[in-house]
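If you're matching them up, the sequences are chains A and B in order.
Per the numbering used here, the first sequence runs over residues 1 to 128.
Per the numbering used here, the second sequence runs over residues 1 to 128.
If you are wondering where the hints come from, they were derived from the structure by calculation, not from laboratory data.
Hints are supplied without guarantee of correctness; some may be wrong.
No copy labels: a pair is met if it fits in one copy or bridges any two.
To be verified - Here are the simulated BS3-like cross-link-like pairs (lysine-lysine), alpha carbons at most 25 Å apart as the crow flies:
(1) K3 x K40
(2) K84 x K40
(3) K84 x K35
(4) K84 x K3
Quick caveat, the model's predicted, so the values are computed rather than measured.
Number of protein chains: 2
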Amino acid sequence: MMKANFHSNLDNEFGALTAFWSPRVVAVANGQHVKVAKVKGEFVWHAHAAEDEFFLVRRGTLTIRYRDRPDVVLTEGDFHVVPKGVEHMPVAADECWVVLVEPAAPTHTGETVSAMTRTIEQQTVNLR
Amino acid sequence: MMKANFHSNLDNEFGALTAFWSPRVVAVANGQHVKVAKVKGEFVWHAHAAEDEFFLVRRGTLTIRYRDRPDVVLTEGDFHVVPKGVEHMPVAADECWVVLVEPAAPTHTGETVSAMTRTIEQQTVNLR
């Protein structure tokens, strides 16, 4: 799927994003997708039954809201793993740039399908 | 292995590193390790038979030398995946800070055991 010797720059990949909450897959390794996403506002409450989700903030501030534990607030350079099966909602008051690592399979809204759901096909347009 | 709600900052994790070529596991998700490493000089030629290796440069310049394809030069914010089974040698003329994502299993020198090899136990001291 990726060309041999492919390499790129995170900020260039963020620059190619034109919509919020619309992740872009930028690398594939060991069945995992590395993605970039620009986010702003509230996402949807959701959980990934079988997948952990790694978040790294590149710019701005991201809050991960939880129903059963304290919220986690992440600023530039901060990272956090949302464990599989745990309901959460990402929120950013202002525009925030996030790097994600998660298995290639799931939609980014887990079992929840909403108007904000983007399929893997939509997230990997740049790789084809 | 990670505490619930654990979150941290990349640069703080780099700050905890006191040796070159001695990766530190900072997060675990989906059987993958997210690691930070400070590198300088030449590593060893090696390959990971079954594992891809994702590299993201946080600071400095890293060159991935290959035997069978052009070298890849990565500066701050650049990322690249070394495919499984492909022999490579990371090199940095000056100190370089690298974020790695790879399966939890392997040593960082693949099938090659050298004086520079650090076991997973040595790489995860901070998590216990």
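Taking the hints in turn, this is what the structure says about them:
For a Cα distance limit of 25 Å, the shortest separation of K3 from K40 qualifies neither inside one copy, at 32 Å, nor across copies, at 28 Å. In the homo-oligomer, the alpha carbons of K84 and K40 lie at most 25 Å apart inside one protomer (23 Å), although the nearest pairing across protomers, at 36 Å, exceeds that limit. Taking identical chains as interchangeable, the C-alpha atoms of K84 and K35 lie at most 25 Å apart whether they share a chain (18 Å) or sit on different chains (20 Å). Within a single copy, K84 and K3 get their C-alpha atoms only as close as 31 Å, which misses the 25 Å cut-off; across copies the closest is 14 Å, which meets it.
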